[in-house]
Amino acid sequence: MDGVSVNFTVNGREVTATVDPRTLLVHFLREHLKLTGTHIGCDTSQCGACTVHLDGKPAKSCALLAVQLEGAEVTTIEGIAGPDGMHPMQAAFKEHHGLQCGFCTPGMVMMGIDIANRHEAPDEATIRSELEGNLCRCTGYHNIVASIAAGASASRRREASG
Amino acid sequence: MSDRGHIPESRQREKPRADLQWIGKSMKRVEDPRLLVGKGIYADDINVPEMAHAAVLRSPHAHARIVSIDASKAEALPGVLCVMTGADAAEVCDPLPTWASPPVLQAVIAHDRVRHVGEAVVAVAAEDRYIAEDACDLIEVEYEPLPPVVDPEEALTSTGDAVLHPERGDTNIGLERTLTFGPVEEDFAAADLVIERRFRWPRSGGQPLETVGAVASFDEGAGRFTIQCNTSMYNYCGWMIASTLRVAPHKLNIVPTLAGGSFGSKMFVHKVPVMAAVLARAVGRPVKFMEDRIDNTTSCDNHASDRVYYAKLALKQDGTLLSLKTRIIDDYGAYLQFGVGQHGNALSQCVGPYRINSVEVDLAAVLTNKCQQGAYRGFGSEVANFVIERLVDAAADELGVDRIALRRQNFIQPDQFPYLIPTGNMYDSGNYQAVLEETLKLADVEGWRAKQAEGRKEGRYIGIGVASCQERSVFSATEFWMWNLEPGVEWTSSPDGVSVKIDPTGKAFVTLHSPFWGNSPETVAAQVLAEQLTIDPSDIEITYSDTDQGLNSTGPGGSRFTVMVTGAIVGAAGKIREKLLRIAAHLMEADVRDLTLEDGAVQVKGVPDMKMSIAELADKAHYYRLSMPEDLDLTSGLDATYVYDHPVTTLPDPDERHMGIFYPIMGHSCHIPVVEVDIETGQVHFLHYAAVHDCGTMVNPMTLEGHIRGGTVNGIGTALFEEFSYDEAGQLTTALWTDYLIPTIKESPADIVVGHVETPSPFTEYGVKGGGEGGRMGGPPAIAAAIEDALKPLGVTIDSLPLPPSKLRALIREAQARSA
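Protein sequences appear in the order of chains A and B.
Residues 1 to 162 in my numbering are what the first sequence lists, from first letter to last.
Residues 1001 to 1820 in my numbering are what the second sequence lists, from first letter to last.
Hints were generated in silico from the structure; no laboratory data involved.
Treat the hints with caution; some may be incorrect.
[To be verified] Derived lysine-lysine pairs resembling DSS-like cross-links, with alpha carbons at most 30 Å apart: (1) B/K1025 x A/K94; (2) B/K1746 x A/K57; (3) B/K1251 x B/K1025; (4) B/K1028 x B/K1039; (5) B/K1441 x B/K1501; (6) B/K1575 x B/K1507; (7) B/K1441 x A/K34; (8) A/K94 x B/K1575; (9) B/K1039 x A/K94; (10) B/K1451 x A/K94; (11) A/K57 x B/K1039; (12) B/K1441 x B/K1451.
Chain B with its partners taken away, still in its complex shape (with noise of 0.2 Å):
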């Protein structure tokens, strides 16, 4: 075993194959039909007999003692039911669920003390929503404010009044650290060059069109609470809401709904169905609560990294690349729901796809007054990206070198592979040198080089960017607890599972234990199961389970899902097609090594006539036990269930020498937009925009490419507008997309040209990776580049995002001012 760990065997069943059928198919979406004629349900559609509605009060201070709460109106009001204060809510349930250890306790509704603006003070039921916010404004809350903490570096300082959460130390340090790969005060030492920059990250979010909702009931006979939610990981940690709820697992049962969209943001949704159980419970009907927008962008899961970066990258004369050190503030906001995953996920592909032989990570995870962070697409690694390719440019710049050429320098080679980096996590596979190749076709870089040359001499400025990023797929649970010293959990597994049933006539039926959140998991499914059992998709159904019903799955969220099905349903066909294979042979008097699945039909192998069909043999398993071999476990019926771990994951080394392999199945992406500055508005206009994944083996080419342009689309977002922007007094002033600017089609690219490259992954099933977030991950360090290049002849370099007019205006008047 080297310092950077072990490679475990490759448990790989289905090789990636040329004669694939319904794998590699742009098919039509089984989920769409629903969807398009507004039949879907998603959390805000579901209506159940003495529905009661829920709204809640805000606060409006940052950080604030609170006084004392007079509701005696608002209960008088008819129609009121319930009125709940962080006191009352405290008699009946406990802190949420969080992964930080220590734990950050963070109660559904505040007591005693606000933390940010927005959070929960007083919630009410009531018969209608109307009257529900009716009652919110005739409440009155006496606060005593305290001094809010804004800025995550002064945050680093905090004592007294100003920290958080006292009963944690006098300081609002949530976690401060330093991890440490490989030689790196050598390699420092060793080094020509050493490129510093200071970098900053604001803080963006998923922001999907349908907010968090959740209708909850509770049955007082049974003692048993019902969830409809759009959550995920309802099948994977639901259970830990029932311990808020005070309620014993088995007495909670989460039932999915449609998403709206997630991004991340609805990756463990815990404080809405919180909210509407507690409530739910105390009026003794059901209760819905919708978080309107302010309730979704102030107080819900929806921030995501907000990092301030101190970078150093070491490199030899000749451009050979050495070591990576970083000092990082990240503003997590007033608490800690995934403790620090983000830099557990971060650390899978810091390097980037560069031979970089060591690595420190110099962590302080400060709480200030904010909402508190969650997951958004990258969760974390999207900001590893812009550090590294924004270094690499400066040491291109630095030495003079072309951009290009310095990253085709110091690409892991193809042959390379599978690959540890010094953090311990493994790339799978890949082939950078041919993403990289193809996009520079597909983008015409030498045609736009001579535009951008003819276009400054009429003082227009062009600029090209170029970033070669990674794109991890498929998390192993360890990035959530791996930077804890004392973990509070030390979970390994992050399975999917599913369910799959062959009716008596053959038919299929199969059950998703994992939500949909704006993805196709209906259609990577039937692909799947089409291909493994050689049936029509038309002939799948596919339902999604409750908790009751449900396997242990992960569920959605970094870009695990089309890999994780594709092996759980590998693994039940499996146990069907056996299944079918023995039936047959037995029916057919044949050894079952001369039996070949195929068309829908197992078929004696060179004997064209003696063959049964999938719908035929189902009958027999179904209702002819009779005709069945004695074997016992030759049951009736023709079904199975399958429970899919993650393909290949090891532990972190205990002296953290390395941190094991955490999130190996590796894409790859190379971005390349060419941009306009108009240098006297700060606007900035794509000509071009050419993006080359490389995600394995495609399942559905169609699907990916819409991830991937609207993954772009959401980068092109971060990179030049959104922000969850708060003040000095900590209030949060782009609360509404008023003022938080998410593309509209007028600022989105004309087309994003995609192409691909597949280098399938030699560990899962058919070489499968996840590609659901590459293009929020690719595109901010190559606009940033693109701006960087185009304000090349004025000096104007990138470190911080978003870039806005008025943020590019001022950064051209700096430029010019220097320059007069």
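This is chain A alone, in the form it adopts within the complex (with noise of 0.2 Å):
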């Protein structure tokens, strides 16, 4: 394997490797920088359990090879609380029951966040038509469509008293 050397930023930090150029952003995540909390779920980017932010844009990881990323800024569920805690988004996935087993949660928390961030006041039906790319078993979606709703509320309010 000729390895291809690759810089980018993660949760801030700044990361340089030489990884096989086949090697999906995914795994160089979860294998070489032991961020684990994405996960990987149907290996056909249907689920969006692996969704991150590149340069502030949600983005399926196993559907992009580590070596694109040259210059980019990736942020993973493990970069988003801040040193007081929990994001806002992730609060509000504990107050309002939005998960059961937690597999597609970092993903769904990252999609939220991303819609909050493009959406003034999120309705239902918004939050509803954004989330077609991630799937849960476990919760029937009706819960996590709430803790989005809470979680743009709060994420706002944050905004606005900083």
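Both chains come to you apart, so use the hints to assemble them.
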């Protein structure tokens, strides 16, 4: 294997590595950086458990090669909590019972933050439309929608007060 | 003793009460924080030093002889540590565990013959997964195809080369028997009307987001395996894996990881840990084997009931239900992991919530060239619900009476509990009318009937379905073997244990002996222990044991866990409370009968300042032996273990007049979906969905509602989309989630209105019943009824699932052709 050098930022930390060019981003995060909060569900980009933020936008990390990331900024579920604890979106999932087994949850939370970033006050229809690329087998989605709505509202409050 | 058996005395210690502090509260989950920050450790998150990675080459054929395997190129690939064929594996391990009797032998890696697409043919361990998969691509296998057996009814007559397991005889029938409970022939002779239908229940599966995985290591010095794995039942029968690996049971430690969902499919994981373990022993390094999605869908235990029913319901002209006869052909795939336990299960509630006097079940469990069946939310009873509800709907239509009225007329009445059904199983308690009335209220059926009538004038097809379904919980082990003529095992224990320790500062530690597989075991344990010891749940820490430390625990599955862990904690906390009171009585020089435990302290009744906190007493218990009474049993410390046995189970009758009590903690639900069918596209839209469940005393309404909604969406998947579909050659055409359609948010109702009725069990602690599976047990028959109701003007009958647009369009076209 001829390695390819790649440089990018993960959760604010600069990462330089030489990787097999076929290495998927999700494997790079999980195997090389040991950031195992990003999960692999379906292998075919259906489920969204591997969703991370790439330059501030959601991306399925099972559908990207690590070498495509040169110069990019990646944020994973491990990178969103603040010094005073969970991100408001994470806290909202706890408050509204938005998770059961927790396996889809990192992807749902990352998607939820993105929805909150792009929509002023996302209503149920907006959230449902935005979440079509993330699968959950436990909840029936009901409480995930409630969590994201509440998390978006709490995020705005935090920004307003910050 | 009647022909239906006897009912033992209740062993309930804690009655349901109105003044409970923690039980019944929607406490936020203890499990959540680590899962939310990405720090939950699932199987694939485990990394140990020197760990190698496995990949598996799988059969492309449904049925074939393996003629030769050339792995030389794979072995020469840099980074490959071991290439193991079925013949290699057979030298170091025995067949996989099974409850089938006589056994259907299954090897971790097939040798000589493959019996389904996806069966393991060669396993590779390598420095990383990429290399392991490259190596699989370099392996050349020559096969000699054999006739594939795909249709379950054709499997009944297979002979010769089409027989999967010739050592069991020249047949693909794994088991065939008829069980008769009560005067079936007399009841049919007395009937005015017999409803006859053929039903087809599709092969679907739990499809958790996380596949099965294991990390195994072998300590050559100690001759001992450690396997970290996302399995359940490890403290019940995990030792069986040691037998497969040819080590003594104490030379295997199974350590549970979090499971990213199971829905039954990880009930007793065996292939994956054995695969990782044989490779680890071969390469002398730890090995991780994490299934990819194809591994899981083609070869794990992720396929469930796949049945053809020929069903007959006998009744009187006045609507009285009399008797039920079913001929069932169940397509088990290539092996029989749990025997025909799914049909033990189905006997638990096959008469639904109705007074039906007699039952006959004629079962043929057939072996075909498909992945073997495992468990999925319902474990066979959900199919029985579909069958009885469809029959009752058909009976009402035939009699020209209202479907709801016929149900009301035949319900077992609240004063008839505990009630033994013809198969011998007991329904502990219930109030089916109350559940129905509550659902009718939430569903606004009258309002929707009016909208349906208006819609029909405008060419809209709106339908309302009603299903009143049993929701059995807490299986007894007898369900696994009751069908076998010569059971290999005749286990009657299915307990769950717990260990509780109070440290010297008064903090509580609970060790669970069953895993987390997506439910809320820590939350339940914290709520019940907080209730028992009058402490705050935030002062309780919960961990999970491995098999080295484990107490006999059957684990989640069959909606057991909440009932069983509640019972175990009541038992352990009772011992701790007794010790606290004895110590307090001694230290405060009071009579133990004058003491009470409240608000985290032992209090002398009526003397407010005479009290000692649990923390003070724990300190004394741990460090002040010389201040204690001299009683020999008052050893230092404050801890207890308790193994809670199944609350009420009895043996099958030796003459098989009944099967004993084996699934008695009986919940109930009523589901009323309102759907609209677009007859041009065959699409189904949910306009409303109401579900009321009675799971006895609720421990945590929030998590119960989560199960109900999630389970109902599983039921929607089963009813409308999901199917492991095999073509005529035995190819699985829906192996990936591109083709096997689990409901996305777009197919899930915007709201499922959930209601509750609480009829406590007289047999379990606090009257709790299980509620993990009810959504999927109630959804499919209700949705089928709603669609049939919507299409009533066209005369469409629903006898099989799933009902994707293509299938509904075909039914609609047929009906239109008939009327034209």
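Here is what the structure says about each hint:
1. Straight-line distance between C-alpha atoms of B/K1025 and A/K94 comes to about 15 Å, which keeps the hinted pair within the 30 Å bound.
2. Taking the CA atoms of B/K1746 and A/K57, the gap is near 22 Å; set against the 30 Å cutoff, the hint holds.
3. Using a Cα cut-off of 30 Å, the hinted pair B/K1251 and B/K1025 is violated, with the two alpha carbons roughly 43 Å apart.
4. Only pairs whose Cα atoms come within 30 Å are accepted, and B/K1028 paired with B/K1039 is accepted, the gap being roughly 18 Å.
5. Of the pairs offered as hints, the one joining B/K1441 and B/K1501 is violated, with about 47 Å between alpha carbons and a cut-off of 30 Å exceeded.
6. Of the supplied pair hints, the one linking B/K1575 and B/K1507 holds, its CA atoms being roughly 16 Å apart against a limit of 30 Å.
7. Under the criterion of a C-alpha separation no larger than 30 Å, the hint pairing B/K1441 with A/K34 is inconsistent with the structure, at around 52 Å.
8. At roughly 33 Å between alpha-carbon atoms, A/K94 and B/K1575 are farther apart than 30 Å, so this suggested pair is violated.
9. Our distance criterion of 30 Å between C-alpha atoms is met by B/K1039 and A/K94, whose separation comes to about 15 Å.
10. In summary, the hint linking B/K1451 to A/K94 is not supported, as the alpha carbons are separated by about 38 Å, beyond the 30 Å threshold.
11. This hinted pair checks out: A/K57 and B/K1039 have alpha carbons roughly 23 Å apart, not beyond 30 Å.
12. Between B/K1441 and B/K1451, the direct Cα distance comes to roughly 16 Å. Compliance with the 30 Å bound is thereby established for this hinted pair.
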